[in-house]
Amino acid sequence: MLRLFFALFLFVTPLSVLAAPVEITAPGKQNIPLALTSLITETPPLARPEIPTTFREALLSDLTLSGLFSFIPDEAFLDDASHLGLTSNKIDFGQWRILGASALFKGAYRFEKGQLVVEARLFDVAERRLICGRRYRGSVSDLRRMAHAFSDQILKQLTGIKGPFASRIAFISNASGKKELYLTDIDGSEPQQITRHRSIVLNPDFSPVGKELIYTSYRHGKPDLYRREIYSGSETRLAAFPGVNISGRYRPDGREIAITLSRDGNSELYLIGTDGTLHHRLTENYAIDVDPSWSPRGDALVFVSDRIGNPHLYIYDLVEQKEHRLTFNGKYNATPDWNPTRDSIVFSRLEEGQFDLYTISPDGKQEVRLTETPESEEHPRWSPDGRFIVYSLGKEGHHAIYLMRADGSGVRRITSPSDNSTHPAWSGGW
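Heads up, the sequence shown is in my numbering, so the first residue is 10 and it goes up one at a time.
In short, the hints are calculated from the structure, not lab data.
Be aware that a few hints might be false.
DSS-like mimics (lysine-lysine), calculated; alpha carbons at most 30 Å apart, straight line [to be verified]:
#1 K165 to K99
#2 K404 to K340
#3 K220 to K187
#4 K220 to K231
#5 K374 to K340
#6 K99 to K171
Could you put the whole structure together from the sequences, leaning on the hints where they help?
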């Protein structure tokens with residue numbers, strides 16, 4: 010069973026470092042010089058040196074991925090500058106201005122009644138005031154998630170939109186010898202095996218309204234759809250219609266699931282309820298229709314069909330009950346995912362024996378290639394804030410999970426290639 014930690018709100022004031030919110034999809038155009046100090050201890054007899062190190066590493070990793078910051082080198086910090094007070098009246102902002110810092114992170118930790126308490130604060134150096142602060146309580150094992158949660162708050166203050174760093178990533182790995190479902194933090198730390206079906210598990214998707222996810226499993230010999238509650242571990246076989254039950258995706262309001270079924274002999278798109286009841290069929294043709302993904306408003310689906318001979322992307326309008334072809338380039342287009350906050354669809358395309366990632370606007374007028382490497386990049390999924398992409402990269406028969414920004418920059422690996430990980434999915438806020 011997974012555990013939660015609790016964050017208590019302290020205070021937030023307007024940010025004056027920036028005249029306007031920053032757009033993360035254009036990294037490097039406005040880098041904020043940040044001085045990132047280490048946590049200091051407020052209970053010296055109980056000091057644990059690994060706590061400030063771990064917290065700082067997680068915070069630095071998140072903020073580097075954001076592309077918003079440049080970092081003041083630690084060796085440039087003036088004597089004791091990182092160990093002075095946590096309140097504005099105890100901070101010598103003049104020292105930090107000399108170093109060129111526009112923003113300053115300060116924090117402290119202590120133990121109360123066996124619990125770890127972390128104070129995290131971000132300051133505007135020029136204005137000499139607090140931007141935002143949080144107090145977190147939990148166990149030492151929650152430390153990285155506390156740092157991720159504060160990274161989210163920093164992005165919210167700078168961009169107006171909460172970051173995705175406290176969210177979780179599901180993926181499929183055969184590290185155990187079988188394709189099973191795993192969960193990990195955004196930096197790949199603390200991966201946890203969720204299923205033990207000793208079979209094949211595929212295509213996870215998180216509920217937008219609850220701490221649960223769906224996935225396809227061959228546990229009973231054929232592909233059926235399962236639902237699992239994250240914290241209790243309760244699992245239900247949700248859809249077991251004759252034939253395949255694959256590619257389940259929650260509607261943005263969480264009330265329905267788009268899925269590919271072959272109950273009538275051909276693989277078509279259907280809508281089912283979250284209790285597994287069949288609502289209605291969407292597509293009807295001789296071809297295979299798979300991999301649906303919802304528009305942000307839940308009024309359309311992008312999906313893959315080979316109805317012209319090769320797999321291409323199509324859009325189904327649920328209001329008009331009409332569909333049209335979206336992609337006309339390439340011979341094999343697959344695994345689309347509709348950005349939850351922007352008019353952009355990410356997908357993979359087979360080029361010269363390898364898959365690369367592209368984005369395309371829903372009207373088909375703007376197509377951008379994101380990757381061009383000797384490896385295969387597949388199964389892309391957007392972050393809940395629509396500013397990052399998680400995907401699998403395959404090389405010499407081994408796959409790992411990677412992250413990047415929406416423009417293809419900031420690439421980083423979060424799982425080991427030896428674990429052969431594929432089919433990532435990104436949760437909402439936790």
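Comparing the hints with the structure gives:
1. K165 to K99: 26 Å, holds
2. K404 to K340: Status holds; Cα separation ~22 Å.
3. K220 to K187: Roughly 25 Å between the alpha carbons, so the hint for K220 and K187 holds.
4. K220 to K231: Holds, because 26 Å separates the two Cα atoms, which is no more than 30 Å.
5. K374 to K340: Judged against 30 Å, a Cα distance of about 18 Å means the pair holds.
6. K99 to K171: 29 Å, holds
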